[in-house]
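Enquirer: Sequence:
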Amino acid sequence: MNKYNEYKKPEFAKVGEDILQFWKDNGIFEKSVSEKEGNPTFTFFEGPPSANGTPGIHHVMARTVKDIFCRYKTQKGFQVKRKGGWDTHGLPVELQVEKELGIKKEDIGKKVTVDEYNQKCRETVMRYKDIWDDLTEKMGYWVDLKDPYITFEREYIETLWSMLKKLYDKDLLYKGYTIQPYSPAAGTGLSSHELNQPGTYQNIKDTSLVAQFKVSGTDNDYILAWTTTPWTLPANNGLAVGAGVEYLKVKTFNQYTFEPINVILAKDRMNAYFNPKAKDVKIEDYKAGDKLIPFEVIDSFKGREMEGMDYEQLMPYIPLEKPAFTVVIGDFVTTEDGTGIVHISKTFGADDFRTSVQYDLPGVFVKDEEGKDVPIVDKQGRYVKEITDFAGMYVKNQYYKDEEAPGKSLDVQISIKLKEENKAFKVEKYEHSYPHCWRTDKPVLYYPLDSWFIKTTEYKDRLVELNKTINWKPASTGEGRFGNWLENLVDWNLSRSRYWGTPLPIWVSEDKKEQKCIGSIAELKEEVQKSVDAGYMQDQISDDFDLHRPYVDDIILVSDSGQKMFREKDLIDVWFDSGAMPYAQWHYPFENDDIFQKSFPADFIAEGVDQTRGWFFTLHTLAVMLHDNVAFKNVIANGLVLDKSGNKMSKRLGNAIDPFETIAEYGPDATRWYMISNANPWDNLKFNIEGVGEVQRRFFGTLYNTYNFFALYANLDGFKFEEDAIPLSERTESDRWILSRLNTLIKSIDGAYNDYEPTKAARMIMDFVADEVSNWYVRLNRKRFWKGEYNNDKRAAYQTLYTCLMTVAKIGAPIAPFYMERLYNDLNAVSNQEQAQSVHLTDFPVADEACINTALEEQMQLAQTVSSLTHSLRKKEKIKVRQPLSKIMIPVLDEATRHHVEAVADLIKSEVNVKSVEFLDDTSGILVKKIKPNFRSIGQKFGPKVKLIAAAVNQWGQDDIATIERDGQYDLTLDAETVQLAIDDVEISSEDIPGWSVASEGKTTVALDITISEELRQEGIARDLVNRVQNQRKDMGLDVQDKIDVKVVKNEELINSALANYKEYICEETQALSLDVVDIIENTHTIEIDDWTLEISITVR
RNA sequence: GGGCUUGUAGCUCAGGUGGUUAGAGCGCUACACUGAUAAUGUAGAGGUCCGUGGUUCGAGUCCACGCAGGCCCA
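For the first sequence, position 131 (counting from the first letter as 1) is numbered 130 according to numbering that gives the first Met the number 0, and the numbering increases by one without interruption.
Treat each hint with caution, since some may be false.
Stated by the list, open to error - Below are the BS3-like pairs computed for lysine-lysine, each with C-alpha atoms no more than 27 Å apart in a straight line:
no., residue 1, residue 2
1, K524, K467
2, K632, K467
3, K213, K266
4, K98, K75
5, K278, K428
6, K169, K384
7, K511, K384
What the hints assert, rightly or not - Beta-carbon label-pair distances, calculated as ranges:
no., residue 1, residue 2, range
8, E369, S215, 31 to 37 Å
9, E986, Q834, 33 to 39 Å
10, G942, R696, 40 to 46 Å
11, D106, P405, 32 to 38 Å
The hints are simulated quantities; they were obtained by calculation from the structure and are not laboratory data.
Quick caveat: nothing in here was measured; it's all calculated off a predicted structure.
All residues carry an ideal CB built from backbone N, CA and C; glycine is no exception.
Let's have the full structure, built from the sequences with the hints guiding it.
Expert: As structure tokens, this is what we get:
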């Protein structure tokens, strides 16, 4: 190609479509992987999404983060394979299917067969796969969609089984208790979502009781704890307090027995239990039966001081060993109701269970017929016989059949007993919301049920230790949220009582004494064969046997002793599915051992911070327990995408952003760039669609403009970068400056990507393009591109701008893959400087240290400051920039500054339209200097004396300043002593130039000569005329190259002279071949310059 | 209730190791520029740096206690 593409207007959405097609046609993504064969690998794990819902804008965010680093590492020479995946099991799918089939969980296996149900799940879960794939493509997320891992596939499940078997063999898989909602009436546990059905929570009145737990070794000190389930009190095994909560010990009397007592409760709960009117009643004046019970606070302490306090068992039916009946710290304790002290019963509450395990508090159990530990309430909801006084009573009156319920419920009877024993502080009816079984409409109990667990606690130390080797972004998520979670680890409850998921491969014999864990399909077949031989099964299973329910449930195995064995009905937690993806995606260890070894652990993963206890945890845990390794070395935990006001997006509220619409309107690049540049990925993003527009205008618009400017003139001059690069030494100051900045930028960007700081990278690139390339380099050098012949200076300008654009394309490609591809190919189509077909196949630029010149960068900074100051002076004096002025003067206090300014003097002159830049130094004798203490330096040296010294220095006159400048030091006498100040302890700058209009910023001061000579005036007029003619040319629709003739009607002398003296200049600037001053002309056009009115005519040749 | 996190201009965000006049972009106002033109430049207005204490010669920055929002967990 001979010409650079020029565009009429930017069409960023179309760029997205075009480039997508280009990638597809040329297999660029595939090449970006295959071309790196044999290179070091960079492993990325894709956290599998579930395709049973449509993707939202937050998925664009998460996937942009993933994509950036995979593309960057590819450019850095790594081979980056990224296998896509789909999460397919689990509750969300099941609930959706239940809803669509109009059934409930209990209908499964009745109204529909398990087989039909699971088939429906299998179809539903991939329903929106096409929409997901479409978004993946359109947003430019490069991931291998052709061969994804799918968690419901046979091979995937087989890997899971092999892992479970490994855990089982290491004795890390066990069956144990967990507290779950349980319906005694229905005889079944209820899952959390069943409790979320409408109507399950009902307001009911229960008997609530504040019990007095007697502190060991005291006469009448009691800890008060409140419960709405007095029937759990015989199972009490501990009391929990809040560590930071303030508690009081109060001297008072029991309202039922009138006995004197000291009670402990939270300070915040005092008002609930003590009548303020009793405040002034004296303890001594109390008589049994008085309504107003006096009280007196006698001690106060924090909860953490109570930890370890022992108390006597409240209802001693079943004695327990220590450390039962001890005060512990519970993070669930509140002071919103009750006494701020919570009664703990290991068998009847999830918090209680967890806390009991944590503190090793034994729970209250009895032995059943088989000698197994069971709670004091049986599965029908009745007290066991060991609770002698109330044996056989249902713990809730609702559990009795009609008419059989006792007049006084168990709760009431217990309350009466405790009142009589001086163990009840207060009993009252309490109305609260409590869950009911949606099927029987009777209250739910929290009850311990069997579940399978992974003994993660055994690996706690190693989990914590290895976590410290992971680079978390942000670090706090790793140390805090994740680290603290690991510190307080409990065993992983694997069991789920559902249908669509990975079945637990454990078979148990009828007498529950023998177990087998199956670790592969081959092993299963082996065992089935034994079972067939034993006559328990008819046939061997087929080769394509589906490992899901119900088929797997039909398999009966034979135990070593010859018993029938049935599969445990549980499915495993779906988080095990996703946490196992490093192995299961390759069907390891059955296949692909080599691939697995090369791609484990991952170098990088990224997901939402809500995955901390989900995917991040399961990945880490399985890797540590099975491979004693981390699963990932670097992780970005990104935050939420909220709407522009900071609210959560939801389809229901209608504030959700459709990613397809955004991409269609603004293009994928602006969408990606906005999300990355606006806030760090780990902070929440307030998504404002206007921000996308702003990024598009400010960054992509500017970049597009700069490219178009380059293309326009490069095409006119035929610049193709065929010649050798012009040596740095032969390029202008501004060329060398922008190249220095560019190479500094390359280093910074490389560092930012390498540190997983995409936001910093995006912002730096954006600032470079907008501020430095466009607003400074191009603006100052415009004329070099269009003026004069095609010489080396011009070539240098083209080469310099070309290099900037090309480099920006490469370093910006990870974030804006589409537009940067377009830019790269538009440039390279003509220059053919690059071999690679795509910017994504190029190497990441390496900074050329020879180009970096910090002194030059400082100079340019100075030029910008001087220009800015001069502009502000012009504004103050109301002299427009088009009017040339003779000079500016800059005070220089040292030679270095003088050299710096001299180097950029030409730039300054053209930028602010002055004829010369002059310097004022000390020898001029007219500078007034200003001195300021350098606080950082004197603070370090003199500490507390800073204030005195600063005050003294601020008082210095010109003589003192001269002294320290001459001697390099100054002996300053303070009240009692003398301190020696060095020249570095102060900052000296020029304050004023008497008689001039000055402005200053920091240490830089500029004075402007505002006298306008006759000659300058004429030049100003000439420039104004050029401007008017140019406007006229534009109005006439002339092309840049069109030649014209200009005639002007004679005016007053100043104008005429100006036209005559600057005729050549005016003609050159306006492409005029003639400029004549005449007496009269036709077709005149009136123009105004300041107060003059001119008649002119312009004709095209 | 616990862990983590955020709070700086109207909006979105920067502000190593403490240093005295707290910055940018957008928006707003004014002016300028006009061969990048659906561009551009300059200037101006706009701040209780969430609050209260503390450490320090000096705190947006460090510490403590709060307040408000967010996420996760109970």
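Enquirer: The structure should be examined with respect to each hint, and the outcome stated for every one.
Expert: Structure-based check of each hint:
no.	hint	result
1	K524 - K467	43 Å, violated
2	K632 - K467	10 Å, holds
3	K213 - K266	19 Å, holds
4	K98 - K75	49 Å, violated
5	K278 - K428	26 Å, holds
6	K169 - K384	39 Å, violated
7	K511 - K384	25 Å, holds
8	E369 - S215: 31 to 37 Å	35 Å, holds
9	E986 - Q834: 33 to 39 Å	53 Å, violated
10	G942 - R696: 40 to 46 Å	51 Å, violated
11	D106 - P405: 32 to 38 Å	36 Å, holds
When the structure is compared with the earlier hints, violations turn up for hints 1, 4, 6, 9 and 10 and for no others.
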